[in-house]
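Novice: In order, the protein sequences belong to chains A and B.
Just so you know, we're using my numbering here: the first sequence kicks off at 1 and counts up by one.
Just so you know, we're using my numbering here: the second sequence kicks off at 1 and counts up by one.
Hints may contain errors.
[Claimed, not checked] Here are the simulated DSSO-like pairs of lysine-lysine, each with C-alpha atoms no more than 30 angstroms apart in a straight line:
no.: 1; chain 1: A; residue 1: K13; chain 2: A; residue 2: K55
no.: 2; chain 1: A; residue 1: K3; chain 2: A; residue 2: K53
no.: 3; chain 1: B; residue 1: K78; chain 2: A; residue 2: K57
no.: 4; chain 1: A; residue 1: K13; chain 2: A; residue 2: K3
no.: 5; chain 1: B; residue 1: K78; chain 2: A; residue 2: K3
no.: 6; chain 1: A; residue 1: K53; chain 2: A; residue 2: K71
It is worth saying that the hints were derived from the structure and are not from the lab.
What you are looking at is a predicted structure, and each value in this text was computed from that prediction instead of being measured.
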Amino acid sequence: DVKVTQSSRYLVKRTGEKVFLECVQDMDHENMFWYRQDPGLGLRLIYFSYDVKMKEKGDIPEGYSVSREKKERFSLILESASTNQTSMYLCASSPPRDPTNYGYTFGSGTRLTVV
Amino acid sequence: AQTVTQSQPEMSVQEAETVTLSCTYDTSESDYYLFWYKQPPSRQMILVIRQEAYKQQNATENRFSVNFQKAAKSFSLKISDSQLGDAAMYFCAYNGGGTGNQFYFGTGTSLTVIP
Numbered sequence: 001d002v003k004v005t006q007s008s009r010y011l012v013k014r015t016g017e018k019v020f021l022e023c024v025q026d027m028d029h030e031n032m033f034w035y036r037q038d039p040g041l042g043l044r045l046i047y048f049s050y051d052v053k054m055k056e057k058g059d060i061p062e063g064y065s066v067s068r069e070k071k072e073r074f075s076l077i078l079e080s081a082s083t084n085q086t087s088m089y090l091c092a093s094s095p096p097r098d099p100t101n102y103g104y105t106f107g108s109g110t111r112l113t114v115v
Numbered sequence: 001a002q003t004v005t006q007s008q009p010e011m012s013v014q015e016a017e018t019v020t021l022s023c024t025y026d027t028s029e030s031d032y033y034l035f036w037y038k039q040p041p042s043r044q045m046i047l048v049i050r051q052e053a054y055k056q057q058n059a060t061e062n063r064f065s066v067n068f069q070k071a072a073k074s075f076s077l078k079i080s081d082s083q084l085g086d087a088a089m090y091f092c093a094y095n096g097g098g099t100g101n102q103f104y105f106g107t108g109t110s111l112t113v114i115p
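The shape of chain B in the complex, shown without the other chains:
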């Protein structure tokens, strides 16, 4: 099984500030996909952003962007202009692609947004 590590169990950020959540992974594959999911108190997991390993350009979705360092096997999530609605558990996930389609998740980072 692939390993996904999130070393920050909890993080906090002031509203309107920027925060970065860390994620590292272990794989011997060259092609794969990485994701960040958000789980608010409602428990519904929501896809935030995804990155294909073959793309050098970092993915961006509005206030969310990633810093993908393939050689270092690092995939961090940056949230700009943090909002109260960003408070949630964030999970980093790895998928090797293909019909197997199994996701491997990190242990999560709980983000608190301080008004």
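Isolated chain A, as found in the complex:
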């Protein structure tokens, strides 16, 4: 069964901490994505990557960075966590060509609380 695995289901961090959210997929997908999900706002794209070492900003990249050193792993980094980054974070992956035949495969999400 194909999988997108997010390393933490729940995470509590302090304001100002550097936070790493890890996502690993075992489907050999080129495309990987990070979204944040907030009530009433739906899913908003933070960053995405088409290939190793490539990254593109999404709609809300401020306060975040990403790293894709290996094809299967896509990390979201909060350089200095703030309370307004308290949210649910979802990772997703998809194949590169005609990806809409498959849609996304999602991870189970990381609920991050910044105190």
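Given the structure of chain A, go ahead and fit chain B onto it with the hints provided.
Specialist: Only chain B this time, still in chain A's reference frame:
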């Protein structure tokens, strides 16, 4: 960015009855793809159904069907014979296709199934 609108934050349905969730979108493209995703309390996003814009026939997957009105830019989801396991957050999503593969999501509709 494309806009996807779900105007019903919450809906409820009696078990075994039928419910329709609404979705509208804004695009200037002629070819694109539309999706409905389900997010149960487990948080795992699951693809429910997809529709290619170039197909006039409405997609159907078992108890789930869509009413795709291209001119009106409307894409509603009908759930027949509702079951308790259908209770979840439902997201409508748009994808323009191609290697970009970015999905745009609505704000979601929370569906409650009443026994």
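Novice: For every hint, state whether the structure bears it out.
Specialist: Now for the hints, and whether the structure bears them out:
no., hint, result
1, A:K13 / A:K55, "holds, 25 angstroms"
2, A:K3 / A:K53, "holds, 21 angstroms"
3, B:K78 / A:K57, "violated, 35 angstroms"
4, A:K13 / A:K3, "holds, 26 angstroms"
5, B:K78 / A:K3, "holds, 28 angstroms"
6, A:K53 / A:K71, "holds, 9 angstroms"
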